[in-house]
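Chains as they are written, first to last, in our numbering: chain A, 1 to 596; chain B, 1 to 596.
Hints in this document: simulated from the structure, not taken from any laboratory.
One thing to keep in mind: the hints can contain errors.
The list treats identical chains as interchangeable, and a pair is accepted whether it falls inside one copy or across any two copies.
[Said to hold, decoys possible] Derived SDA-like pairs: lysine to any residue, alpha-carbon spacing no greater than 25 Å straight-line:
hint : residue 1 : residue 2
1    : 321       : 559
2    : 77        : 407
3    : 552       : 116
4    : 371       : 404
5    : 250       : 546
6    : 563       : 118
7    : 71        : 292
8    : 58        : 560
9    : 253       : 234
10   : 295       : 186
11   : 295       : 136
12   : 130       : 88
13   : 500       : 377
In case you want the letters, here they are:
There are 2 protein chains.
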Amino acid sequence: MRNLRVALAQIDLTVGDIDGNTRKILENIDYARESKANVIAFPELTIPGYPPEDLLLKPSFIRDNRIALGKVVQAAKDITVVTGFIESNNNEVYNSAAIAWDSRLIGTYQKHFLPNYGVFDEDRYFSVGKNNFVFVVNGVGVGVNICEDIWYPLGPVASQRQAGAEVILNINGSPYQKGKIDYREQMLGSRSSDNGLFIAYVNMVGGQDELIFDGGSMVVDPEGNIISRAPQFSEKMLTVDIDADGVFNKRLKEPRLRKQELLDNVRTEEAKRVWISGYHPVEKSDDFTGILEEKLDSLSEIYSALVLGIRDYVNKNGFSKVVIGISGGIDSALTACLAVDALGSSNVVGVSMPSRFSSEGSITDCQELSKLLGIRIIELPLELVHSSFEETLEEYLDLENIGVAEQNIQPRIRGTLIMALSNKYGWLVLQTGNKSEIAMGYTTLYGDMSGGFAVLKDVSKTLVYQLANWRNSLSDRGGIFLSEFISIHSMVIPQSIISKPPSAELRFDHKDEDDLPPYEILDAVLEAYVEEDLVKEEIENLGITDSETIKKIIESVDRNEYKRRQSPIGIKITSRAFGRDRRMPITNAYREINNL
Amino acid sequence: MRNLRVALAQIDLTVGDIDGNTRKILENIDYARESKANVIAFPELTIPGYPPEDLLLKPSFIRDNRIALGKVVQAAKDITVVTGFIESNNNEVYNSAAIAWDSRLIGTYQKHFLPNYGVFDEDRYFSVGKNNFVFVVNGVGVGVNICEDIWYPLGPVASQRQAGAEVILNINGSPYQKGKIDYREQMLGSRSSDNGLFIAYVNMVGGQDELIFDGGSMVVDPEGNIISRAPQFSEKMLTVDIDADGVFNKRLKEPRLRKQELLDNVRTEEAKRVWISGYHPVEKSDDFTGILEEKLDSLSEIYSALVLGIRDYVNKNGFSKVVIGISGGIDSALTACLAVDALGSSNVVGVSMPSRFSSEGSITDCQELSKLLGIRIIELPLELVHSSFEETLEEYLDLENIGVAEQNIQPRIRGTLIMALSNKYGWLVLQTGNKSEIAMGYTTLYGDMSGGFAVLKDVSKTLVYQLANWRNSLSDRGGIFLSEFISIHSMVIPQSIISKPPSAELRFDHKDEDDLPPYEILDAVLEAYVEEDLVKEEIENLGITDSETIKKIIESVDRNEYKRRQSPIGIKITSRAFGRDRRMPITNAYREINNL
């Protein structure tokens, strides 16, 4: 029986931290060797971290990454190591995987398909790889390829199969978006069954600026079944015994797999076949049948992504504590709750900054929230500064008729106060705005938009409510299952915060619905316009609301690009987040509503 | 004699303004027809404007652009029209040129080489074109290609020459950077003499967010001489009679041109050859020998770029007036002066916001500057608000030992005050920070960094001084030559502003050199690190300063990416501007100085 023990190192890397990433690789090699794994595979661009962006234009960065690869190759003793690195060769730069064994570099595979859409810019940096590679270890043919490569039916998987691959190691830096794991599983299921081979898919985990990598590494058998799956959003070494004889059996039974011609005309070069000497048979063992973690449901998944995003941004940027402006509203309550789950109560400070427009309820809700979350709260009343601004600007403002200029004073005082605490104590400011308001520009630049990291930037207001309710329901469900993340249990967001109508409290008796359509309508239109790029006519056909409301929403989204361009980065959870994912010009005279 | 009269429409377009751009195209067609031009060529992506960024992902945008093309084709009567548009074809999208004659679409050329580096993201949107196209008008073979295409010796120019092109029309959206016009001329000179043909190069003019298109359209003869050149930074119809017989003569004399094999293996398809019926001979006329504008010297060029950048950003975004915080320092003085040259004195408002740390000189310098520039100045003293902030934050700040937290209060008050005026009166805030300080993070987020457009974002402090001195010297030189831009003459920046040592005035007796290396050293190191990506060792070898200073500068640049990410967009003038041109991760543990 040809058994191959594969270890998939689902680890959290830091962009640029070549030393730290390399140490982590070396530790994991040792750990896998102890499990008698034949092969260990690491995520895409393991050594530099992913995505390194314009660090890739620095010669020193590429050189340092190459030096680190030398250490990894050296450590490849009694185990075959597959690791991601930046390869430079004849002035071309590749996103590559190195295959090392017996302290030698056996070969490299250069990524064929470079994503250059959405959040990806790989054509900016890398040349297209054309080589193929199958290595034989323990008598089992193993093909290596990288992330995007596996999404193409006529890509390197087909060539590698023809060259004898029975197992594909696909190494990934695949960013999270809600529900994406289902697409991946479906695609991997087709790819493995179409080609009659195992696929071992390893993804990184962790946050990098706007992106979350959600892990969920897995092994798929030649019938397309997921036989093992790592948890999402946490580190894990997934070690699985793969019965390669199963591949031959499957192929004998399905002659189509042998007859099929290789259609990948673009990449006809036959895959290089390299025998890795040193046969290290391992007996198939019950210890390595592979765990099969449940996938998270939708809200758990999003909540976990946000928690991981906060924790990694804070820690990787050298902060330990965060500070949050607590208004008594739902956005800041959820942000604080997420921060506590990410960092612990003692690392979260709330600032309550009541103004003349704050309702009594807001103030008591702040206190109640801080009690439930167990966080310190600092109170800084606005009135003194507010009235001194009014005095200074007396000639220029109209204090009888409060408009945008007058309203914005208040959030900008809050921005200055919270930044003073941040500067003084080194606390990172978490910005609390949701996607609905950032879409509409219903935010004040340099006011409530101040902060280093915008936790809810890609979370619509209606989703904010769902997440808050879900988090409050955790105790009912036993308070389990988000495991290590969730540090506190039970009802953490006061019901009164969830129940009251949303308000920016910029005037007396102010409600968001005075200025905006109801959120369930707004969010449905925004999803259609921002995420799906539908035009007005198409949105009208969805029957969400009237034409005039749709027009106003579209105009607001278009007009407020300048604000978004200055907003802090935030965590991407949808198919189209504001930020690097949606690159609209500020100077933009296109108003499609005029053209229909 | 085969004479071809070519009109190059160097025009200013607005991204997204399909209607407005199309109107402009139609007007220019009429104008060229009156001059009896045989062909008129417009810049790259004329109809949508360039670069349209993610508007290209909107189906409605592509459809509207196609409808507008129909109108342009219709207008192509008694003249051949070459215009840029977005072509969609079998689900592929191309950056294309349409060739129209007799109200018919004769053909389209799809851009071959898509730039995807620096500020460009064309692989994100467009498919690679492979077709080639030569049309024959008045017996003269004309090849059309687009921008980047002409930079490749083995690209479409070579194929088009082989298919009989004697004149190349190269349509551009080529952004400005200092000195780039010389590179273009050198390249066009080689390309035309290598291929023995005329090149008519048309570039757009105008500002689009971070980019300036500098015009400078030109015609190069088969010997590589510039025979005609339009002015930089202003609109111009450059109409030139091209003597195509000269091409044949040149080729007879240089048999190498006929023998040379076509090496462009990638694009072997022979260019399509289309005869445009309707022979419209025009006699060569002295009126159309083509003007030959002088190129601007370096400082004039940069100054003009900044003026055009301000004017177009302000106007295209629907503003008419700007407001600028005037500190009495050189940066705000130069910004105000540029704004006056761009918009006129009556459209510029200065705000002086003196604090307890402001020197007497600063206040009088503000007054003097506003007098010289003829602008309104509003004075808003900070003290009242400043002391009320201190009272509110008393428990948390240390007012005896002023540090970063305490210092930042003051610029943030200024930010709030100037934004209040902006919100109240609809004035755009011009931010005044220079590249040296934004590189070092020597700026306050939500304070002096507040604003809609950062005029000097890519201008180093030493260049700020050079520009100020140059502008003051204009009267000495006769006050001419920047022509239409410059609305006022003579000494406009008080000498005392230029002479005094730079100071952020954040503490008493504060000088920038207390916190930063001298600017001439700082700027030399920044240029090496930011623009040229040199590593520390290489910078040390330049002999600018000591190793410790270099280390500190590099660390500051790396550490302050988060601030730059929230800064307003500004005008690119160098080979590497902060913004879309330099995409560094915020979460970035790479510190190359530790690795050497």
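Quick rundown of the hints versus the structure:
For the identical chains of this complex, residue 321 and residue 559 are inter-copy neighbours only, at 18 Å across copies versus 35 Å inside a copy, given an alpha-carbon limit of 25 Å. For the homomeric pair residue 77 and residue 407, neither the shortest alpha-carbon distance inside one copy (66 Å) nor that between copies (56 Å) is at most 25 Å. Taking the shortest alpha-carbon separations for residue 552 and residue 116, neither the intra-copy value of 32 Å nor the inter-copy value of 35 Å comes in at or below 25 Å. For the homomeric pair residue 371 and residue 404, neither the shortest alpha-carbon distance inside one copy (34 Å) nor that between copies (31 Å) is at most 25 Å.
Taking the shortest Cα distances, residue 250 and residue 546 never come within 25 Å of each other, neither inside one copy (56 Å) nor across copies (68 Å). Within a single copy, residue 563 and residue 118 get their C-alpha atoms as close as 21 Å, and across copies as close as 24 Å, so both meet the 25 Å cut-off. Taking identical chains as interchangeable, the C-alpha atoms of residue 71 and residue 292 are never at most 25 Å apart, the minima being 33 Å within one chain and 61 Å between chains. For the identical chains of this complex, residue 58 and residue 560 are inter-copy neighbours only, at 18 Å across copies versus 35 Å inside a copy, given an alpha-carbon limit of 25 Å.
Proximity of residue 253 and residue 234 under a CA criterion of 25 Å is satisfied in neither setting, with 39 Å inside one chain copy and 73 Å between copies. Proximity of residue 295 and residue 186 under a CA criterion of 25 Å is satisfied intra-copy only: 14 Å inside one chain copy versus 60 Å between copies. When the C-alpha separation of residue 295 and residue 136 is checked against a cutoff of 25 Å, the pair qualifies neither within a copy, at 33 Å, nor between copies, at 64 Å. For a Cα distance limit of 25 Å, the shortest separation of residue 130 from residue 88 inside one copy, 14 Å, qualifies, whereas the shortest one across copies, 29 Å, does not.
Taking the closest pair of Cα atoms, residue 500 and residue 377 come within 25 Å of each other only inside a single copy of the chain (22 Å); across copies the shortest separation is 46 Å, beyond that limit.
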